[in-house]
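Make a model of the complete structure from these sequences and hints.
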Amino acid sequence: MAEYPRPLPLPTPETQHFWDGCKAGELRLQRCTDCTHTYFPPRPFCPACSSRKVENFRASGKATLYSYIINHRPRPDFGTEPHSIAVVTLEEGPRMMTNIIECPQTPEALQLDMPLEVIFEKASDEISLPKFKPAKG
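In case it helps, the UniProt record's numbering puts the sequence shown at residues 1 to 137.
Hints are supplied without guarantee of correctness; some may be wrong.
Restricting the straight-line Cα-Cα distance to at most 27 Å, the calculated cross-link-like pairs of lysine-lysine (BS3-like) are [claimed, not checked]:
hint, residue 1, residue 2
1, K62, K23
2, K53, K136
3, K122, K133
4, K23, K53
5, K133, K62
6, K136, K23
7, K23, K131
8, K136, K122
9, K62, K131
10, K122, K23
Please keep in mind that the hints were generated in silico from the structure rather than gathered at the bench.
Source: prediction; values computed, not measured.
Put into structure tokens, the structure is as follows:
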């Protein structure tokens, strides 16, 4: 596999389950078993109530577009085409920063609240990055 042109995340013990899920084609989130709050990014305690009673679960992979910018002046290692830097609201509630792919990178195509679905881009043997594309239908 050719070297990925961008810097890649380095999993930690707290985030390893998330990256293992991405590698397996699953978006994994965490939920507090005390207050039922679902959250992202991964951490060993609930950000709502501070409980350490948390569980990992497979998310639906569905989201809506919350906000974005279109970067027209990327770094050389990010390629030459404009790309979106977006925040999506996951069906389960948390928001996640990502990229929107498989659609024109224009304000006409990137409509706020548009339905999206996760897709995983293999960046290395260990890391697959969650990105989102317009949902079918």
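Verification of the hints:
1. Restraint check: the Cα-Cα separation between K62 and K23 comes to about 18 Å, which is no more than 27 Å; the hinted pair holds.
2. For the hint linking K53 to K136, the alpha-carbon distance of about 36 Å lies beyond 27 Å, and the restraint is violated.
3. A hinted pair counts as satisfied when its Cα atoms are at most 27 Å apart, and K122 with K133 qualifies at roughly 15 Å.
4. Note on K23 and K53: the hinted pairing holds, with a Cα-Cα distance of about 25 Å set against a maximum of 27 Å.
5. At roughly 10 Å between alpha-carbon atoms, K133 and K62 fall within 27 Å of each other, so this suggested pair holds.
6. Proposed proximity of K136 and K23 is supported: the alpha carbons are some 23 Å apart, at most 27 Å.
7. With a C-alpha separation of about 13 Å, the suggested pairing of K23 with K131 holds against the 27 Å cut-off.
8. This hinted pair checks out: K136 and K122 have alpha carbons roughly 22 Å apart, not beyond 27 Å.
9. Proximity of K62 to K131 is assessed by CA-CA distance (about 11 Å); at most 27 Å being required, the pair is judged to hold.
10. Of the pairs offered as hints, the one joining K122 and K23 holds, with about 8 Å between alpha carbons and a cut-off of 27 Å not exceeded.
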